[in-house]
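S.K.: This is what each chain is made of:
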Amino acid sequence: MSGAHESSWTVKVREKAVAALPPEKLLPDGQPTYVASWIYMFGVASIAALVVIITSGTILALKGPAWWHYTGIGHFFNSIHMWAVELFFFAMVVHLWGKYWMAAWRGGRTRVWITGAITFLVAVPTALTGYVSQQNFDAQWISTQAKDGLNSVGVGAFFNVTNFGQMYSYHVLLLPIAVVVLVSAHVLLVRRHGVVPPIELKARLVSASAGEAQAPPTPPPATVGAGS
Amino acid sequence: MSLLHPKDDTKPWMGAYQPYDLVKEACIAVGVIALLAILLAVLFSSPDEKPSTVAQWARQLPANFVETAATELDGTSGTATYGPPYNHNGEGQHAAFIYLQKWLGVSHPINTADDYVIGPLRTVPNDPTLQAALAEYQAAPQKTQKAWGEAYATPLEEDAQAEEEGKPLPKTVSIDPHTGMVSVQATGTGPVPVMMTSLLSLARSGGLDGSLLTSKQFFQTDYTNPLLFMADGGLLDQRAEEQHLGGDEWGMMNETGSYPGQAWLWLYALWYQIEPFKNSENADILVMLVMGVLSLAFISIPFIPGVRDLPRKIPIYKLIWREHYAAPASPPPAPPRPQAVPDPRS
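Keeping their order, the protein sequence lines are chains X and F.
Counting in this note's numbering, the first sequence runs from 1 upward without gaps.
Counting in this note's numbering, the second sequence runs from 1001 upward without gaps.
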């Protein structure tokens, strides 16, 4: 390695990224045996719903905000968009409750919890800006009701729910970017730290200690990093 | 151990692994969720109630329209007395010494008399009677203007109250069944009846919808003016009540029809249903502050004693990991063996 190469910012970033998330951790082909419950499906279901939301939302955005009001196909894509949002929140809420009861912030995973919680909180205004951008009676009613809460804490001074143009910008660009960035950070942190291990029972620890001589631990496969 | 670094005996997993195809699982999940969303869309569609317009309001509730317009003119409407971010006619809500609404200031200035009544009336062409009425109104002292507005609005308010309470309607307000125009019998109203009659005509023709959106530029995306004007009146409320969307019925978390709406706002809407928030003049800021604190607590759960310990005390985790607990326990990992000294000959 030359001196110039060692001082390269690109090389430093690459080396740090690979050290933090080697490919076998980023895209594992094995997972711990304790990952065996339906509750684990709701995290990936949330991401899948987000993919459907963004795909249907992109189609709606390509045709403009009024398209879905006067075409059947537009209304159909709006319906997919709306139901995907409902599925997204449902899956995310179940996922959050599941992770709470697993105490999934254990083992150095506090940032995983924090990014997940913030994602939920940012998703709420992302959905709200969609509801007030609908250009129908729901948008009229929701915006005139929501303004009072936002005005009361001063947010209305720079985030005006009765300004369709501003809300549409937030809904189709700014807030989705925030959600995608947060979800990406959340998933990368999960991959880095691994899925949180079970809360170990004292009785099992005692029995495991007693059986140490008979049963050595199974080493993880070469392609999978143990949760850190 | 500290608040930020609580005791944590979680060890990295040293047990067995099973085959797993992350990419395949993600693709299947997207497919299943997409199919589910399509199925729900086919079965239930989505709501799209047409928006109300100022013209509809003026045609369907003409007395309510002129009553609201009179309060916009005399500065007593909800928007006229709102305070920031629309005007300086009120301080807005506060919690103890916290006046966030006032501190953030007026960012969308609205003068209800000029923006909702006088400005639009100036756009009406070829009406000398109206122009004379406007000139008379604007030449009068503010106190007189207010007295004229109140004298005109009072019979309308009495009429609306009687209707709401189911009492016999006073005969001071009448609506022409053919033209839909409103007559108010009152003295001391100055030029206000002429102005209100013209405004009602303008609104019924649809002209006021356009006037309320007109500003310095051609393209418009800001509906603050017409929405706040309509929110001061009764048509949006009436439609919302018909759809059970009122604040006392969990408000904006619902949407029209039998759709789930923003169910995730249930906790936010809950506070408005109970005391001391329900009847507080500062309900909005109090609810927002409570939700702000709860949101911060939600993010900080890993650091909050008691809340972070609850999952160990209520063993739902035993259900989640029941297969793991049913399997024989793996022994703890052996301590690392000392590394052999390399053979210098090799």
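Hints were generated in silico from the structure; no laboratory data involved.
Just so it is clear, CB atoms sit at the ideal spot from N, CA and C, and this is done for glycine as well.
Treat each hint with caution, since some may be false.
Cβ-Cβ distance ranges computed for the label pairs, FRET-style [to be verified]:
1) X/Ser169 - F/Leu1296: 25 to 35 Å
2) X/Val13 - F/Pro1276: 51 to 61 Å
3) F/Gly1031 - X/Glu15: 35 to 45 Å
S.K.: A separate judgement is required for each hint: does it hold in the structure or not?
M.R.: Consistency of the hints with the structure:
no.: 1; hint: X/Ser169 - F/Leu1296: 25 to 35 Å; in the structure: holds (27 Å)
no.: 2; hint: X/Val13 - F/Pro1276: 51 to 61 Å; in the structure: holds (53 Å)
no.: 3; hint: F/Gly1031 - X/Glu15: 35 to 45 Å; in the structure: holds (37 Å)
Comparing the model with each earlier hint shows no violations; every hint is respected.
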